[in-house]
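Protein chains in written order, with UniProt numbering: chain E, 1 to 274; chain V, 1 to 262.
The set of hints was computed from the structure by calculation and includes no laboratory data. Certain hints may be false.
[As the list claims (entries may be wrong)] Using 20 Å as the maximum straight-line C-alpha spacing, the simulated DMTMM-like pairs for lysine to aspartate or glutamate come out as follows:
(1) E:Lys192 x E:Glu169
(2) V:Lys49 x V:Glu37
(3) V:Lys53 x V:Glu37
(4) E:Lys227 x E:Glu200
(5) V:Lys53 x V:Glu227
(6) E:Lys95 x E:Glu200
(7) E:Lys95 x V:Glu227
(8) E:Lys91 x V:Glu253
(9) E:Lys227 x V:Glu227
(10) E:Lys267 x V:Glu98
(11) E:Lys65 x E:Glu169
(12) E:Lys91 x E:Glu145
[What the hints assert, rightly or not] Covered by chain V, according to a simulated footprint, are these stretches of chain E (three or more residues, beta-carbon under 8 Å):
(13) 85-93
(14) 99-112
Glycine is no exception: its CB is placed at the ideal position from the N, C-alpha and C atoms.
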Amino acid sequence: MFRNTREGLALALPAAIFSTLLFLVPVAILLSEAFRGTSGGWSLQGYIDFFSTPLNRTVFLRTLKLGALVAGTAAVIGYAAAFCIVNLGPKSRGKVFGMVVLPLMISPVARTYAWIVILGRTGIVNEAITGLGLSDTPLRLLFTETAVFLGLLQLFLPLMIISLVSAMENIPRDVIPAARVLGASWIEVFFKVILPLTKEGLVIGGTLVFTGALTAYITPAILGGSKVLMLETLLYQRVNVSNDFVSASVIAMILIVMSFSANLLLKRIATARN
Amino acid sequence: MNTSMRHLANWSILGLTLTFLIGPFLIIILAGASNTEYLAFPPEGLTLKWYLKVFTVESFRASFLLSMALAVFGTLAALLLGVPAAYALNRYDLPMAETVRTIVAAPIIVPGIIVGLALLRYMVVPTGVTVTLALFMAHTALVLPYAVRVVSSSMTNLRADMEEAAVLLGCSRLQAFTKVVLPNIRGGVLAAFILGFVTSFNQVPVSLFLSGPGVRTLPIDMLAYMEITFDPSVAALSALLAFMSLAIVFTAERLLGFSRYV
């Protein structure tokens, strides 16, 4: 450890100043915009107006709902997948884990576009439906909440699996067989042994997936369009279509508050563990 | 349940999960090779024409170059700021170390779309900075947290007394850094570069508002293109981008065990 503080600051401050000027200051000004009353001074009118519009309320609730649904579904699939991965031999475990992580490195536009191919009018699902004679005309599958849900789930499921795998690796090896020998059913094993021991991983994965879904732009833009708006796409519309910067500022505040609280939660878990 | 049954159950769950995660890419590769004029799956016949068309679309060429330049130079700039910061945070007892860490990490927490809008409104519009320069700075700030984090973690394993020994043996502080520290954290710096490159290249929300006439990053350009055209070329381009990311990650894994750092 070197003692010369001035030298240390000279090395660390450029990065901090850069981030402050480019991130904190502009974002802070943007957030303050909704609090600025029409006659100068401060007011909450921007927030009241925002939430008194039915469309905005719908979009707000839909975003929360989809975020929770995606996180919940990811948890169910994640537990099953993580349990299987942990039970693999060391060689195939690395390979399967790699295949789970890989999609995270690929452009989300590419990952989302695949769903257009699957759910589009001439996509694989509609070809199957009309081919089997279940319907004469192709169904509208794109621009529905289901499409957005599937897209978000595919995008963020890896984060849940990764968190749960590392949580499950820390369960002592003999605990589950011991519970089984002592007569616990698999359901009891899950709720009384696995769940309590992996709670932390579940919370971490859950927050990552939830905030990811909340702040995703591409998926609702491509798969939801203007029919299924979420907060991010609503913000884009408010700015580009109606030039409404007060609404944009309100939405920005909602997104930041949620993503900040999620991060605080994660930090507390991390420090509690140390 | 006997062992082989459990084996079967295990692999069917994994098979389904992996199909859900990876299957869409296989579909995209084939959809991009469809010989129809519109997006169709399964394709009626195969052709490479859409894969070739991608390279002839003028706007794709321009936006690909812009995205590449942003990813390379933005990440380099982030390393230029981030490596000294990571070094200082590890080696010095700084009074506001925690504050500096939080500030530098902030870009990860703030949703990108807000950053893009804020920069457009309060930097580009009032000061007349070009959109390209704003994009470059935004991408630099975006990659900075990863640079600091990855380089920091590769520095924690490096003992400070090696450097002190170098100084005692006659090196200047700068020489001690370039001859002792840098070679030892090279892997971390490279990993940070790759992670930063991929993050910047795939980034959409930050760049959403930061686009002007002729200035668009590749993902934004793809979004715009798919609104007006419905031919398989976006599928082909998506498949090519997926291959590019895979190639980068595989090479990095082979060369330096990339996953250790991430």
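Against the structure, the hints come out as follows:
no.	hint	verdict
1	E:Lys192 x E:Glu169	17 Å, holds
2	V:Lys49 x V:Glu37	11 Å, holds
3	V:Lys53 x V:Glu37	12 Å, holds
4	E:Lys227 x E:Glu200	36 Å, violated
5	V:Lys53 x V:Glu227	18 Å, holds
6	E:Lys95 x E:Glu200	25 Å, violated
7	E:Lys95 x V:Glu227	37 Å, violated
8	E:Lys91 x V:Glu253	16 Å, holds
9	E:Lys227 x V:Glu227	15 Å, holds
10	E:Lys267 x V:Glu98	13 Å, holds
11	E:Lys65 x E:Glu169	31 Å, violated
12	E:Lys91 x E:Glu145	39 Å, violated
13	85-93	holds (count 3)
14	99-112	holds (count 12)
In terms of the numbered hints stated before, the structure departs from hints 4, 6, 7, 11 and 12, listed from lowest to highest.
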